[in-house]
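Engineer: Produce the complete structure using the sequences and hints provided.
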Amino acid sequence: MYWTAGTAAVPIVALVIGILVFTSFHRGPTGTAPADSSRPAWFSALPFNCLGSAGLASGSGPVTAYVDGVRAGTHGAYDSVTIQFASGGPGETTLTTQSTAEFTQGPNGQPVTLKGKDGAVVTLHSTDGHTHYTGPADIPTTYPVVLELRKLQDFEGTVQWAIGLSQLPCYRMAFLSNPTRLVIDFRKGSATS
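Quick note on numbering: the sequence shown equals residues 160 to 352 in our numbering.
Please note that the accuracy of each hint is not assured.
Unchecked claim - Pairs of lysine to aspartate or glutamate residues, derived as DMTMM-like cross-links and limited to a Cα-Cα distance of at most 20 Å, are as follows:
hint, residue 1, residue 2
1, Lys276, Glu307
2, Lys274, Glu261
3, Lys276, Asp297
4, Lys274, Glu307
5, Lys274, Asp297
6, Lys276, Glu261
7, Lys347, Glu307
Claimed, not checked - Pair ranges (Cβ atoms, derived):
hint, residue 1, residue 2, range
8, Leu205, Asn267, 32 to 42 Å
9, Pro266, Pro199, 34 to 44 Å
10, Asn337, Thr223, 14 to 24 Å
11, Thr263, Pro199, 33 to 43 Å
12, Ser258, Val222, 32 to 42 Å
13, Pro199, Glu261, 32 to 42 Å
14, Ser336, Thr293, 21 to 31 Å
Source of the hints: derived by calculation from the structure; they are not laboratory data.
None of the values given here were measured: they were computed from a predicted structure.
Note that the Cβ used here is the ideal one computed from N, Cα and C, for glycine as well.
Structural biologist: Set out below in structure tokens:
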């Protein structure tokens, strides 16, 4: 009797392990993701910036920050973009807003048009976007505000991602830890709401 129960348990354990492995590979840091429940309360309390561009300094980061995930998500009042790092965040990051979804790919200068009518560019300095990151360079979504993400540049320590938006950007952004990631929320609704 014990031998039969043990033999029956082996396929069940194998099935459970298979489901866990499958789930972990399909919830990785690349592409779209469900709501980020690991946000600290202080981040959710940050006001949205509707006035233009901004920059962040993460302090003494590594010599080179390695991107290992890029994803978009949608939440109640905002859509989000998350850029995750394998070894700490970059020392300097900027977000530049624009009233068009047309961008310039660097360093070749080719024009690129994303879905949407407005946009933003995230520039990560002292960053490598290809050694650890194996995800897509173009991530379309079906979200209300963040419509598409596209890598514009990964050259000589500068990584840029363009964000196609359905409206003028009102955003908040910060570096979060465990894992290290840059999170940018884009508020749903007009800049005046």
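Engineer: Next, verify each hint and record whether it holds.
Structural biologist: Status of each hint after checking the structure:
no.	hint	in the structure
1	Lys276 with Glu307	holds, 11 Å
2	Lys274 with Glu261	holds, 9 Å
3	Lys276 with Asp297	holds, 17 Å
4	Lys274 with Glu307	holds, 6 Å
5	Lys274 with Asp297	holds, 11 Å
6	Lys276 with Glu261	holds, 8 Å
7	Lys347 with Glu307	holds, 15 Å
8	Leu205 with Asn267: 32 to 42 Å	holds, 36 Å
9	Pro266 with Pro199: 34 to 44 Å	holds, 37 Å
10	Asn337 with Thr223: 14 to 24 Å	holds, 20 Å
11	Thr263 with Pro199: 33 to 43 Å	holds, 35 Å
12	Ser258 with Val222: 32 to 42 Å	holds, 36 Å
13	Pro199 with Glu261: 32 to 42 Å	holds, 35 Å
14	Ser336 with Thr293: 21 to 31 Å	holds, 23 Å
Every hint from the earlier list agrees with this structure, and none is contradicted.
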